[in-house]
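Chains as they are written, first to last, in this note's numbering: chain A, 1 to 485; chain B, 486 to 580.
Keep in mind the hints are simulated off the structure, nothing from the lab. Among these hints, one or two may not hold up.
What the hints assert, rightly or not - Pair ranges (Cβ atoms, derived): (1) A:Ser-336 x B:Glu-554: 57 to 65 Å; (2) A:Glu-333 x B:Leu-509: 22 to 30 Å; (3) B:Thr-489 x A:Asp-272: 57 to 65 Å; (4) A:Val-294 x B:Ala-563: 50 to 58 Å.
Said to hold, decoys possible - As a list, the in silico BS3-like pairs of lysine-lysine whose alpha-carbon atoms are at most 25 Å apart: (5) A:Lys-93 x A:Lys-60; (6) B:Lys-525 x A:Lys-375; (7) A:Lys-390 x B:Lys-560; (8) A:Lys-355 x B:Lys-525; (9) B:Lys-494 x A:Lys-109; (10) A:Lys-375 x A:Lys-410; (11) A:Lys-111 x A:Lys-34; (12) A:Lys-481 x A:Lys-409; (13) A:Lys-60 x A:Lys-111; (14) B:Lys-560 x A:Lys-355; (15) B:Lys-525 x A:Lys-93; (16) B:Lys-501 x A:Lys-145; (17) A:Lys-252 x A:Lys-34; (18) A:Lys-481 x A:Lys-253; (19) B:Lys-560 x A:Lys-111; (20) A:Lys-355 x A:Lys-93; (21) A:Lys-375 x B:Lys-560.
Cβ atoms here follow ideal geometry from the backbone N, Cα and C, with glycine treated the same way.
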Amino acid sequence: MNPYELSIAQARTELDNGTLSSRDLTRSCLDRIKSVDGRIQSFLLVTEEEALQQAESADKQIAAGNVAALCGIPLAMKDLLCTEGVTTSCGSKILENFVPPYDATVIEKLKNQGAVLLGKTSMDEFAMGSTSENCAFAVPDNPWKAGYVAGGSSGGSASAVAAMECLGSLGSDTGGSIRQPASLCGIVGIKPTYGRVSRYGLVAFASSLDQIGPMSRDVTDAAIMMNAISGYDPRDSTSVQQSVPDFTASLKKGMEGIRVGIPAEYFTAGLDSEVAGVVENGVQILKDAGAEIVDIRLPHTEYCVAVYYLIAPAEASSNLARYDGVAYGMRSEDASSLENMYRESRSAGFGDEVKRRILIGTYALSSGYYDAYYKKASQVRTLILQDFQKAYESCDVIISPVTPTPSWKKGAHSGDPLSLYLSDILTISANLAGIPGISVPGGFSKDGLPVGIQLQAAHFREDTLLQAAYNLELGTGLANKCPEL
Amino acid sequence: MNITVEEVKHVASLAKLNLSEEELSRFPGQLDTILSYVAKLDSLDTTGVTPTTHAFSIHNAFREDLVQESLPRDKALANGPHVNGEAFVVPKIIE
Numbered sequence: 001m002n003p004y005e006l007s008i009a010q011a012r013t014e015l016d017n018g019t020l021s022s023r024d025l026t027r028s029c030l031d032r033i034k035s036v037d038g039r040i041q042s043f044l045l046v047t048e049e050e051a052l053q054q055a056e057s058a059d060k061q062i063a064a065g066n067v068a069a070l071c072g073i074p075l076a077m078k079d080l081l082c083t084e085g086v087t088t089s090c091g092s093k094i095l096e097n098f099v100p101p102y103d104a105t106v107i108e109k110l111k112n113q114g115a116v117l118l119g120k121t122s123m124d125e126f127a128m129g130s131t132s133e134n135c136a137f138a139v140p141d142n143p144w145k146a147g148y149v150a151g152g153s154s155g156g157s158a159s160a161v162a163a164m165e166c167l168g169s170l171g172s173d174t175g176g177s178i179r180q181p182a183s184l185c186g187i188v189g190i191k192p193t194y195g196r197v198s199r200y201g202l203v204a205f206a207s208s209l210d211q212i213g214p215m216s217r218d219v220t221d222a223a224i225m226m227n228a229i230s231g232y233d234p235r236d237s238t239s240v241q242q243s244v245p246d247f248t249a250s251l252k253k254g255m256e257g258i259r260v261g262i263p264a265e266y267f268t269a270g271l272d273s274e275v276a277g278v279v280e281n282g283v284q285i286l287k288d289a290g291a292e293i294v295d296i297r298l299p300h301t302e303y304c305v306a307v308y309y310l311i312a313p314a315e316a317s318s319n320l321a322r323y324d325g326v327a328y329g330m331r332s333e334d335a336s337s338l339e340n341m342y343r344e345s346r347s348a349g350f351g352d353e354v355k356r357r358i359l360i361g362t363y364a365l366s367s368g369y370y371d372a373y374y375k376k377a378s379q380v381r382t383l384i385l386q387d388f389q390k391a392y393e394s395c396d397v398i399i400s401p402v403t404p405t406p407s408w409k410k411g412a413h414s415g416d417p418l419s420l421y422l423s424d425i426l427t428i429s430a431n432l433a434g435i436p437g438i439s440v441p442g443g444f445s446k447d448g449l450p451v452g453i454q455l456q457a458a459h460f461r462e463d464t465l466l467q468a469a470y471n472l473e474l475g476t477g478l479a480n481k482c483p484e485l
Numbered sequence: 486m487n488i489t490v491e492e493v494k495h496v497a498s499l500a501k502l503n504l505s506e507e508e509l510s511r512f513p514g515q516l517d518t519i520l521s522y523v524a525k526l527d528s529l530d531t532t533g534v535t536p537t538t539h540a541f542s543i544h545n546a547f548r549e550d551l552v553q554e555s556l557p558r559d560k561a562l563a564n565g566p567h568v569n570g571e572a573f574v575v576p577k578i579i580e
């Protein structure tokens with residue numbers, strides 16, 4: 001077995017026993033990247049030298065008794081997490097040469113544990129997209145089928161884990177951007193409760209929806225990574241002062257006494273029959289494990305795409321106003337005035353989808369339209385949140401598909417943005433309601449494409465979420481799977 | 486709903502974007518499709534519903550009013566496309 005094939009928990013045991021060094025483990029991942037990333041294109045930047053230095057330091061720390069769970073573990077970071085001294089492009093030409101002067105809180109936490117950072121992964125520009133095809137530099141390929149999308153926006157973070165180029169990664173999820181690529185690539189991806197993980201140093205897309213989370217080969221690794229990155233941070237004013245349990249503690253509790261809700265609204269006409277079959281199998285697994293299955297209703301589900309595609313662009317149009325060519329990022333060199341410098345820098349630096357969303361957001365917030373669009377969407381967001389609050393009176397976890405279909409061919413939605421937006425319908429609600437959600441591998445389509453199962457829990461109940469996910473994983477036997485590459 | 490080229494130009498101007506002829510031939514139709522879709526929210530009666538701007542209720546987050554370390558000037562200026570060692574340099578604003 002190659003070291004890169006180990007899960008985080010397995011590697012931890014070997015590192016602590018002294019049967020494996022972080023240097024050899026890191027070298028193994030770097031070699032794997034060299035061998036497969038030409039096709040998969042998970043990485044925008046591989047920081048080989050720094051990674052090997054971090055590995056050597058980790059080996060010394062382990063010898064000296066550092067028992068941090070991620071010490072010496074090679075991980076990959078979505079390229080919108082600020083890394084001090086290492087380019088952070090956000091998949092955009094406008095930030096192509098941006099070198100952050102500080103680390104994001106999650107990066108700082110990983111470094112403090114002694115983790116090894118292999119590099120920065122591909123993503124849709126400013127996390128706007130569902131396929132990573134909006135990346136200005138390199139579009140990841142689905143490891144399970146050449147020419148198919150890895151999903152997005154955290155596509156590179158998903159493909160890197162699925163192709164075993166790293167042991168785990170961090171992504172961010174604004175409308176499904178962790179869970180959807182995790183599902184399409186056959187790995188685990190968790191979007192924590194809004195406020196659970198600090199967003200300090202995360203390049204902002206839609207601030208009331210963005211949340212950082214782990215992507216991993218199995219549920220245990222996701223829990224280990226959640227332990228490492230969670231917690232209150234005074235530098236993020238929306239970070240919540242809530243105690244952080246040991247997320248690995250609940251995994252093996254079984255499903256007795258856990259009520260699993262099935263929302264009829266998530267199993268509608270557009271759902272692929274193979275996807276429906278995988279989820280039905282998941283329901284049976286949880287039932288066999290002792291869960292009580294209940295029918296629930298989320299009546300405003302059909303409005304969530306409309307709400308999201310007003311609120312997210314509105315917040316984005318405001319957040320992205322900072323890219324003006326003054327303090328960082330691309331600047332148009334020959335502009336005759338300050339106003340023209342703003343316009344020319346932004347017009348040359350932003351890609352198609354980013355411009356489209358800035359236009360929608362600006363329109364929705366502009367004079368005369370605010371009440372009809374942004375306020376209306378914010379009111380319907382309340383109704384969606386209330387749906388979940390009511391549902392969690394009668395269940396602990398909600399089970400559903402992650403995406404209506406398995407992965408699709410690259411280019412399939414080009415020129416028709418709305419058709420791609422609609423594929424986000426099953427993941428968006430969790431962001432609007434701020435609740436945690438996870439995608440767990442559930443099975444495969446007959447074409448060999450992975451199909452994930454989504455679980456959602458109430459605010460700050462990642463413990464129950466991971467417990468149910470672990471039971472699902474036991475039943476499917478799909479932990480730590482990788483295609484032949 | 487029909488978004489005109491003029492409306493798209495106006496919104497682009499508010500957002501400090503210049504759109505090419507090619508973009509102006511594509512964006513109005515795409516925006517129209519998207520805004521027509523989101524109009525489905527109009528079918529819901531939301532009279533008296535409080536808008537949600539953050540899913541988890543957050544109160545003002547205050548910290549102690551203490552002087553803390555901030556980025557040193559050279560690091561803060563390091564990404565500037567044009568700097569003079571003390572400040573970011575931009576095209577002349579006042580003649």
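For each hint, the structure was consulted:
no.: 1; hint: A:Ser-336 x B:Glu-554: 57 to 65 Å; result: violated, 39 Å
no.: 2; hint: A:Glu-333 x B:Leu-509: 22 to 30 Å; result: holds, 25 Å
no.: 3; hint: B:Thr-489 x A:Asp-272: 57 to 65 Å; result: violated, 38 Å
no.: 4; hint: A:Val-294 x B:Ala-563: 50 to 58 Å; result: holds, 56 Å
no.: 5; hint: A:Lys-93 x A:Lys-60; result: violated, 39 Å
no.: 6; hint: B:Lys-525 x A:Lys-375; result: holds, 14 Å
no.: 7; hint: A:Lys-390 x B:Lys-560; result: violated, 50 Å
no.: 8; hint: A:Lys-355 x B:Lys-525; result: holds, 24 Å
no.: 9; hint: B:Lys-494 x A:Lys-109; result: violated, 45 Å
no.: 10; hint: A:Lys-375 x A:Lys-410; result: violated, 35 Å
no.: 11; hint: A:Lys-111 x A:Lys-34; result: holds, 24 Å
no.: 12; hint: A:Lys-481 x A:Lys-409; result: holds, 22 Å
no.: 13; hint: A:Lys-60 x A:Lys-111; result: holds, 14 Å
no.: 14; hint: B:Lys-560 x A:Lys-355; result: violated, 30 Å
no.: 15; hint: B:Lys-525 x A:Lys-93; result: violated, 35 Å
no.: 16; hint: B:Lys-501 x A:Lys-145; result: violated, 41 Å
no.: 17; hint: A:Lys-252 x A:Lys-34; result: violated, 37 Å
no.: 18; hint: A:Lys-481 x A:Lys-253; result: holds, 24 Å
no.: 19; hint: B:Lys-560 x A:Lys-111; result: holds, 21 Å
no.: 20; hint: A:Lys-355 x A:Lys-93; result: holds, 13 Å
no.: 21; hint: A:Lys-375 x B:Lys-560; result: violated, 40 Å
Checked against the numbered hints given earlier, this structure breaks hints 1, 3, 5, 7, 9, 10, 14, 15, 16, 17, 21; the rest are met.
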